[in-house]
Amino acid sequence: MSKENKDVLYGLYDDEEILLKAVDQANSSHLDIMDVFSPFPVHGLDPKLGLSESRLHIAGFVYGAIGTLTAFLFMTWVFTRDWPIIFGGKPYWSVPAFIPITFEVTVLFASIGMVVSFYTVCGMAPGITNPTLDDRITDDKFCIAFDVTGADDASKDKLKGFFSQSGASEVNMKTI
Amino acid sequence: MSAVVSKIREPLIEGGKNYHQITEDICSPTERTPSMAWVLAFIVAVSGLAFYVFCVGWTIWVGIGSWNLNRTIGWGWDITNFVWWVGIGHAGTLISAILLLFRQKWRTGVNRAAEAMTIFAVICAGQFPLIHMGRLWLGFFIFPYPNTRGPLWVNFNSPLLWDVFAISTYFTVSLLFWYTGLVPDFATVRDRAKGLRRKIYNFLSFGWTGAAKHWQRFEALSLVLAGLATPLVLSVHTIVSFDFATSVIPGWHTTIFPPYFVAGAIFSGFAMVQTLMVITRKVLKLEQYITLAHIESMNKVILVTGTIVGVAYLTELFISWYSGYIYEQFAFYNRVMGPYWWSYVGMMSCNVLSPQIFWWRKMRRSIFVTFVMSIFVNIGMWFERFVIIATTLARDYLPSSWSYYTPTWVEIGLFIGTLGLFFTLYLIFVRTAPVVAVAEVKAILKAAGDQYTGPNAAAHATTKEAKAH
Chain A
1 MSKENKDVLY GLYDDEEILL KAVDQANSSH LDIMDVFSPF PVHGLDPKLG LSESRLHIAG
61 FVYGAIGTLT AFLFMTWVFT RDWPIIFGGK PYWSVPAFIP ITFEVTVLFA SIGMVVSFYT
121 VCGMAPGITN PTLDDRITDD KFCIAFDVTG ADDASKDKLK GFFSQSGASE VNMKTI
Chain B
1001 MSAVVSKIRE PLIEGGKNYH QITEDICSPT ERTPSMAWVL AFIVAVSGLA FYVFCVGWTI
1061 WVGIGSWNLN RTIGWGWDIT NFVWWVGIGH AGTLISAILL LFRQKWRTGV NRAAEAMTIF
1121 AVICAGQFPL IHMGRLWLGF FIFPYPNTRG PLWVNFNSPL LWDVFAISTY FTVSLLFWYT
1181 GLVPDFATVR DRAKGLRRKI YNFLSFGWTG AAKHWQRFEA LSLVLAGLAT PLVLSVHTIV
1241 SFDFATSVIP GWHTTIFPPY FVAGAIFSGF AMVQTLMVIT RKVLKLEQYI TLAHIESMNK
1301 VILVTGTIVG VAYLTELFIS WYSGYIYEQF AFYNRVMGPY WWSYVGMMSC NVLSPQIFWW
1361 RKMRRSIFVT FVMSIFVNIG MWFERFVIIA TTLARDYLPS SWSYYTPTWV EIGLFIGTLG
1421 LFFTLYLIFV RTAPVVAVAE VKAILKAAGD QYTGPNAAAH ATTKEAKAH
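Chains as they are written, first to last, in this note's numbering: chain A, 1 to 176; chain B, 1001 to 1469.
In case anyone wonders, no lab produced these hints; they're calculated from the structure.
Check before you lean on any hint, since a few could be wrong.
[As the list claims (entries may be wrong)] Straight-line distance between alpha carbons at most 27 angstroms, and here's what the computed BS3-like set of lysine-lysine pairs gives:
| id | chain 1 | residue 1 | chain 2 | residue 2 |
| --- | --- | --- | --- | --- |
| 1 | A | LYS21 | A | LYS6 |
| 2 | A | LYS174 | B | LYS1194 |
| 3 | A | LYS21 | B | LYS1446 |
| 4 | B | LYS1194 | A | LYS6 |
| 5 | A | LYS6 | A | LYS160 |
| 6 | A | LYS6 | B | LYS1446 |
| 7 | A | LYS48 | A | LYS174 |
| 8 | B | LYS1199 | A | LYS6 |
[What the hints assert, rightly or not] Okay, the calculated bits of chain A under chain B, using three or more residues with CB under 8 angstroms as the criterion:
| id | segment |
| --- | --- |
| 9 | 25–39 |
| 10 | 52–64 |
| 11 | 79–90 |
| 12 | 122–130 |
| 13 | 148–157 |
[Claimed, not checked] Chain B is faced by these chain A residues, among others (derived, beta-carbon under 8 angstroms):
| id | residue |
| --- | --- |
| 14 | LEU49 |
| 15 | ALA110 |
| 16 | TYR119 |
| 17 | THR138 |
Everything numeric in this text was worked out from a predicted model, so none of it was measured.
Backbone N, C-alpha and C define an ideal beta-carbon position, used for all residues, glycine too.
Chain A on its own, in the form it takes in the complex (with noise of 0.2 angstroms):
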């Protein structure tokens, strides 16, 4: 999310296998891929590119457990602390009545938690336009793309002999 501007050498594959295929290729002769771009989640493609586990659950329980905390310690604050009332004769801290919300609250506070979690760390928001290499790329282009500002022309010819290799069907760049 650096705010300077890139040189973006992209190449466009047709299918999921074939992009598979050239991230290996370009593993094998040390290209540096900045990132891959692809219309659905492609399987097998994380490890390829040395993408480590998605933290997102771990988040997700502990914004669960302070949900579950918050609920349940509130209840109890509310009816053996700040106003005890009897209720159909039962003790004031009744905890079989107050799973229900409890888990409601768990459940309320894991989600929400979550989804802001994911937008945040994926620099999303309402609003926020993040820069797209090509409008095909949300419809049925598969995208490997190289960082190459400040490259030389060699650099960026064994890039292109690469894509041109690897069956992409183009080739462009752009600056993003």
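Take the given structure of chain A and dock chain B to it, following the hints.
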């Protein structure tokens, strides 16, 4: 790029589509000018909505006295409608969450529209408890906020308050789940659009790019949200049933209510999905995405849940006799033979008997039968709630308090009005958002990667041969 058709299994998407065709087929309905049929349907729906607003205004202005509720029959059409709508709102999250966890790939064809239906149904459901309060402007009293009356907190031991938490959590989580799924598809629509339309969809798509890391997080998020939504969807109708089951009214105070309500909710939700899908697939020409196989699968769910509900009805009757408790026995005798016998007959025939037609494959795969049945089930499930609520209250412990309840035009208007609200929202949805989850459908287009047959397949084929040697 087109899918190879298996001889054994029906394809999830018919017509040998490629990725671009999928985008084209699903996104183009949002780009065309609305058809005459849509405009007419929208006019009818908005008229219903306008009538709803009028009836709400009337109820608030005149007061709850404009309804035919009385001292014993405190719940009538309002709570019947509430439970009916909440029940309908169960199918969407069930399809998108539980079927995601069970890796049922056919869900991708219908999950988007079903989730939208869920959200709109929960909006309709939420209206009734609020209007029922009478003093709508004091509705915020149901939330536990620090107030100047002590602070006197809400009663956390009351199932009615659990309901507040359950419904509002369910609505929020369903909305987040649905919208997060929509974001990549809004990006697809954005990248096809120009001018103002592009700006609007750019806003809605939150700056989605389709980067590999984002997709990874997206899938992680979807999976955990599905894991959270699954117990949530079961908890919501369980808690709705607690509204009845924790009371001391014979006929309500039963332990069978939570599973029976949940099965009924899935049953009625799938029926409403069928009603909408049968029309939507036809009008938007999505028959190749929402296929007969989808309709058949959902009819199987309707058959199973309808039969579960039937077993629950019979169990209730048996247990009331077996309990030896005369008030319980009377409550059920009254349901079947009392003044509201016709609603019991309507419930039994629509919910238990009529779905049995789906034992025949030919019936499960008939569009006409499916549509008629879905309407039957919607009616039957409404009767079920009416039977439980009005019949029971009309004959309570004191024969001197017995009475007969018929709704006023305001109560009927509120029900018809929420149908207007529901269809207004649904019609706006089909015009503005991709009705089928574009990205998810693309991901299941090919059952296996080696089905690629498009251009550039040669390079791929040679590597495959090399692997074989």
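Do the hints match the structure? See the list:
1. A:LYS21 with A:LYS6: Holds: A:LYS21 and A:LYS6 sit about 26 angstroms apart, inside 27 angstroms.
2. A:LYS174 with B:LYS1194: Holds, at roughly 20 angstroms.
3. A:LYS21 with B:LYS1446: Distance of about 17 angstroms is within 27 angstroms: holds.
4. B:LYS1194 with A:LYS6: holds, 25 angstroms
5. A:LYS6 with A:LYS160: holds, 18 angstroms
6. A:LYS6 with B:LYS1446: violated, 35 angstroms
7. A:LYS48 with A:LYS174: Status holds; Cα separation ~25 angstroms.
8. B:LYS1199 with A:LYS6: holds, 24 angstroms
9. 25–39: It holds: at least three residues are needed, and the segment 25–39 of chain A offers 5 whose Cβ sits within less than 8 angstroms of chain B.
10. 52–64: holds (count 6)
11. 79–90: holds (count 7)
12. 122–130: holds (count 9)
13. 148–157: With 0 residues closer than 8 angstroms to chain B, the segment 148–157 of chain A misses the three-residue bar; violated.
14. LEU49: holds, 6 angstroms
15. ALA110: holds, 6 angstroms
16. TYR119: holds, 6 angstroms
17. THR138: Holds - the Cβ of A:THR138 comes within 8 angstroms of chain B, reaching about 4 angstroms at its closest.
The structure fails hints 6, 13 (numbered hints given earlier, in ascending order).
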